[in-house]
Each structure stands twice: as C-alpha cells, then as structure tokens.
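Here is what each chain is made of, one letter per residue.
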Amino acid sequence: MQAAVEAAGGDRLVAAADPLTALYSAHYRGLVRLAAYLTGDRDGAEEVVQDAYVKVLGRWGGLRDLDKGEAYLRQTVVNLSRSRLRHRVVVERHAPAPMPDTASAESGAIRELQRGAVVEALGELPRRQREAIVLRYYADLSEAQTAHAMGISAGAVKSHTSRGMAALRHVLEEDQ
Amino acid sequence: VTTPEDRLRQILLAEAEDITPAGDGLQRIQQRLVDRHSLRSKLIPAIAIAGVLAIAGAAAVTVSLTDHGSLKQRTNQRAHDHVPSPEPSSCTTGLCEEPKPSPTLSATGVTTSASGIPLWPITTDVQADEWAHLQSPPRWQADAVQVTQHLLDDYLKLPGKAMPRTDDNEDVAVVDVSAGQRTVSQVRLVRVGRDPAGPWSVVSASAVSLAVTKPGDGDVVSTPISIVGTAADPDTSVHLRLMADTVLGEGFAMAGRDIPWTHSLPLTNTSWSVAALVANTFDGKGDLHAVTITAVRQSGSGLPGASAPGSTFVAVEGGNVVSVDALSGTTLREISFPAAGMTDSSPDRGGANEVVWVRTEPDHCTSEIILATVTRGTAGTAVLAKPVRRDLASLSAGGKSLGWVEFSCAGGPTGAVVVRGPDGNISTRAKAAEPVTQLDVRDDGWAVLQVGDRILVLPSGATDVAAGKQLAGDVGCQVAAPAWDGTTVVAWEKCGQSWYLVRWSATGARTHDPARAGMTDVTQTSVEAGHVLVWLADLRIARVTPTGLAEVAGAARWSQPDW
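If you read the sequences in order, they're chains A and B. First residue of the first sequence: 11, per the numbering used here; consecutive thereafter. First residue of the second sequence: 7, per the numbering used here; consecutive thereafter.
Bound-form chain A, shown alone (with noise of 0.2 Å):
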C-alpha cells in the first residue's frame, strides 16, 4: 500500500486524537482504490471501505494495536469486496432488464476507470487473480502480505498472480 499511498499525496499514519482519525488520514483514500479496483465500481468502494472501518473499529473492546490497523483494514476491505461481488451477481442474476445508462456527474469517474484496456482487462480476470494482480501491483504488497490479505498461501499467490499477468500481458504490451 506505501507506494499507493505516497502516491496519493503523502497520505501517512499521523498522530492523530483517536484511532479512527489516525487510520483514516492515513489509508482510507488508498483503501477506496483497492476497493474500486477489487469490485469495480467507485462508488460501491467507498461504502466498502466505510464498512471495513466500522468493523474493525467498532469491534467489542476496539482495535488494540494501531499498527495492524492498515493490515486489518485491508484483509476486511479485501473480504467485503468479495461479499459485494458476491451479491452483485445475485441481484444481476433476478434483476429485471435495466435501464439505459443515464449519464451523470458521478459515473464519469467510473467511466474514466473503465476507459483504460488495461483496467477493463483486469476486471475481466477471475476475482482472485485480480485481487492478487491489484494486491501486488497497485498496492505494492508482498507475497506473504498479499497471501495473508487474501486468505490463500504465498503460493497460491504466486499461481494467481502469474496467471494474471500472463492474461494481461497482451494488452500490456499493446498499451505499450
């Protein structure tokens, strides 16, 4: 996450009156694009985040070591992307045929997400490819950060990962 962070502008742990301030100057931002880039939809991610926030702060006895809170955050982040997933193929699945897109002020930043081939092409990989590329690759964690993040071994990291990549790489290449 530290180079996701910093590129957003610096964001870093700072001491802060409570824990929440404190973890939420420091990574919410760059745990709303994890969670844009896990589900897919920007929107959806802030809320995602917000949820992962009240979970681990508001757990009975609170959170009691302020280190682990961006490990924790992000493992909750990285589940509830899943769960949202998850029922988005449910209601999908009943819903009746939708409208059509009406622009508005808010989807453009999704479609300027969208826009890119490579970021479409990530979004068309298996979750778990996609959550161990965008672990990887956007929030610059290791193996074992990612494999623990993820609930998966350090190996099955490095399969999903590859398998990504290769999936990948031939618009890499043609972005390039």
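Read the hints as simulated data drawn from the structure, not as lab findings. Just so it is clear, CB atoms sit at the ideal spot from N, CA and C, and this is done for glycine as well. Hints are supplied without guarantee of correctness; some may be wrong.
[What the hints assert, rightly or not] Ranges of calculated distance between the beta carbons of each label pair, as one might list FRET restraints:
| # | chain 1 | residue 1 | chain 2 | residue 2 | range |
| --- | --- | --- | --- | --- | --- |
| 1 | A | Ser93 | B | Ala238 | 35 to 45 Å |
| 2 | A | Asp77 | B | Arg38 | 20 to 30 Å |
| 3 | B | Thr551 | A | Pro29 | 52 to 62 Å |
| 4 | B | Lys167 | A | Ser172 | 46 to 56 Å |
| 5 | A | Ser172 | B | Thr8 | 15 to 25 Å |
| 6 | B | Ala543 | A | Ser93 | 18 to 28 Å |
[Unchecked claim] Rough simulated footprint, nothing fancy, chain A against chain B, three-plus residues with beta-carbon under 8 Å:
| # | stretch |
| --- | --- |
| 7 | 137-149 |
| 8 | 223-237 |
| 9 | 242-252 |
| 10 | 389-396 |
Please build the complex by placing chain B on the supplied structure of chain A, with the hints as guidance.
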C-alpha cells in the same frame, strides 16, 4: 527497459488518481460507530435482564424437577477426599436422550473425514503439487466438468455426457451426467491440494434409480466385500467394479424394484488403500441408466506402521507430528514436514489410521487442517487455509466427522466450535463466549468439550456452546479432559487430592473407577477402543491401566499425544 509489471504498476497508480473519495467519509464512519455503540448500550441491559430471567427460570425448573436430588446433594456436601458415589446419577447430570445422528449423516451420503476422499484422477496433495508445477499441466483437471467427462471416457469407460455446472462453489462441485436425454448420475468433486485454483478430483457419485447402501462412503472393507443396494427399476443387472489404478474386482448383481440386492465381491488384488466402488446399470435400449461411486478404504491391519489399538500414539515432537510406540517410548516415524516458519500442532487420530493436525502459517494466524494416514503419509488438506486461528483439531473414530475450534486473528479468547459432517458440509458452528480448551467429536457430529471447568456435550447442529448439556461431577469435585469412547464420555474427576476416571453413558448414567494413584492435573485424555491415554500437566504421558498408570518413557519430548 520497462517490464510489464512496472508498466502495470504505473497504469494502476495513474488510473487511481482519478478516484477521489467524497469528503464526508470520516463523518459517516463516526456516525455509524456512534449508532452501533448506542444500539449496544440498549441491547446489553436487555440481554442481561433476559439472561438473568432465563437463568432464574431454569434454576426454578431444575429445582422443581430434581428437588429431591438437589436437596440431597446440598445436605451431603462431602469433604474434599470424598469418594464419588458409584450409583448412576440422574439424567440431570448428563445426556438424557439417545444422541440423534447428524442430519447430514446418511447411509448413502458422501461420508468422509473432510471434503471427501479424492478418488480420481488425483488422490494426494503431492500429486496436486506436481500437477501445479508441470510445464504444461493437463488443463482439463482444473475444470470439474471436464474431469467428469474424462472420468466417464477414460476411467469408467461408460457412455455419458458431463453437463455444465449450475453451482459456483469454489471448493466442491456437483456435475450432472446425462445419457439418453436424462440425468443418470450426479458426480461430486473437490479441489485437491493447497492451491485454491488447484485440480479437481472425484469423491463420489449418486443416482436416483440406483444406490449402494453398504459399504458407505469412506467405510473400511476387506475381501470379499459385502455389497448391498437398492434399485428403482425391475429386473436390473447391476455391474459392480472396485477400481483403483486397475480393476481390483468385478461382478454383477440382479436387482428388483425396491428390493435390496446383495453381492459378495471377491478381490483379486489387495495392494491398495483407497478405491472406488462403481455400480452402474443400463436400460433396455442400451443407454447408461445409473452410475454411483462410493469411496472405500482397505483395513490397515498388517500394513507397515499400522498398530493394534492402544499401542501407538501421535504427538508433536520438535514441531513435527510423529507417531510414537507407547510401549517402548520410541518415535516410530515423522508424519508431518512443515516448511520453515509453519507450526504444526494439535494432532488427533481417527478413522482408519488417519491423523489430522492444525498447520499455522508464519503470520501466526492463517491456518489449515491437514489429513494424513499414519501408514502412508499426507493424504490431503482437509480444511483449506484461511486467516483464522484454529486449534483442537479432532477427527472422529470412524473418520466421518472433523471438528476444530477457531478464533479471529484479531485476538480474544472467544471463538467458535466447528464440526464438519460426513458429507463435507459444516454441521455445527457454535459460538463460544468462553475459551474451549478440549474438543472431541464422534462420527455423528456430536462433540464433547471443556469450557472453563465445565464439560459440555454439544449436539450436531448447535449454534451456541451454551446450548451444550453439562456433565457434572459430584458436588465439590472438578471434572476435566473429556473424550469420547464410542457414545460414552470419558473424563477425569478430581475430588480433593484423589482422581477418578469417570464415564457418562448415552443415557446420562455415570460410573467411575477407583481412585487412581500417581495422578496430577490432567491436560488431555485420549481413548481408542477402550484404551485410555493421558497427558498430565507435569508433562508425563501415561497409559491408564486397571490399577494405575503406565508411564511412557521419555515423554517430555512429546506434547499433545493422541491415539
């Protein structure tokens, strides 16, 4: 030179710049936390009041129902060295009803210790890893439908078509097989190995018009195999094959509508451990009519490493799971080989010479449960790795149920007792408000556990440990370290400085042995076919004999023994 990975990083970071969160995120989170706190503040007193009322009500009912016994106990409070009464206690102390089988347990269901016994084409983790590391692995093995088609074409040599899946489960797949425009079988597959995207393997198949009722899935068999089944159609010829790498035995049974058919299948080859019992029928037009597959295991007796009950145990030695000769006190073999940083713990024996244990990854959180056979080594991952702490793995005596306790990595002593039933599905997930320190499960999914200084029997399907039935000792005595011995609960009762081995039968009747010399506080009890092994708090391991204890020499180097 920019690598594709670098290029991807640049794109993702650049694209992310366009995502700017709304400015009210912090306020929204704060408001939700306040709302949550407010809700809790309202709920806690309500729950507390309800709890007090419930306890008071229960106490009143208990006193009224057992008034005589309660008063008697109060007036007969004994000195600490009092010998427990040999008379069976009343129902109030234990199991008042005959345990009911788990709803997931059925004679024809998939009955394995975990997600099933992988039969074909991959049977072990080792094979799955080899597959994953092949330069060009056969990709069809990563697709459950294609595996089913290959099963029919290459292995069973039966005409049928594997239909597209209608489920989207990532760990277990059910694939319909059609022939002659009708569904003739449902094939169940599981993923094998540590990789969540690993290969699929067949564990069983069932059919509407044909069933093998004996042996059940996962049963241990020996030659000749006595097979019993039913057919829904009249005058059906059932083709029976026992298959491993080759056909181990073959025969035909004549079946009539709704009349159980039987067949005694002799085996020409006994060099196998797990095999598929395949039964199939054809209709009058020559189309495949039904196919079932049942996983069976061969008895381990006479094989290297197998042992008579009460002679070997498994334990942790130097971070590895090992098997130990209880009589000579020597390590027989290493069973687990954790990678650097991994921790193996909580081994538990069950089934036909099988053992399970918890493997925890270097983050001290992510854990999985590994299944192995004592004689043949690792057999598979029974429970996939997830970011939860697991402990107290327990495999039932028949290998049909698997239990464990799991906790959040965020810490805290509370967690949940989980039992996976014979069909691989969770049959019990019971939240535990207090730490669970002992757990043992039996084939029907019932669990006995220790919570604090209480022993509880938890029915299959329970959702809260608090719903368990408490097995109490005599007044003034403590009970500890329970384990199943069939349907009987075995545990230790400490009265003053005296220790007694006590047993509660399924009807709740309690009996005990005479006071046993040489005992100290008990950490763990293990029972196999009536043989009792005990791990004491002073690190001694001992077999319980009719008159005392037979200590295992050099026991300090082993921990968590179980046989």
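Now for the hints, and whether the structure bears them out:
{"no.": "1", "hint": "A/Ser93 with B/Ala238: 35 to 45 Å", "in the structure": "holds, 42 Å"}
{"no.": "2", "hint": "A/Asp77 with B/Arg38: 20 to 30 Å", "in the structure": "holds, 24 Å"}
{"no.": "3", "hint": "B/Thr551 with A/Pro29: 52 to 62 Å", "in the structure": "holds, 57 Å"}
{"no.": "4", "hint": "B/Lys167 with A/Ser172: 46 to 56 Å", "in the structure": "violated, 33 Å"}
{"no.": "5", "hint": "A/Ser172 with B/Thr8: 15 to 25 Å", "in the structure": "holds, 19 Å"}
{"no.": "6", "hint": "B/Ala543 with A/Ser93: 18 to 28 Å", "in the structure": "violated, 44 Å"}
{"no.": "7", "hint": "137-149", "in the structure": "violated (count 1)"}
{"no.": "8", "hint": "223-237", "in the structure": "violated (count 0)"}
{"no.": "9", "hint": "242-252", "in the structure": "violated (count 0)"}
{"no.": "10", "hint": "389-396", "in the structure": "holds (count 3)"}
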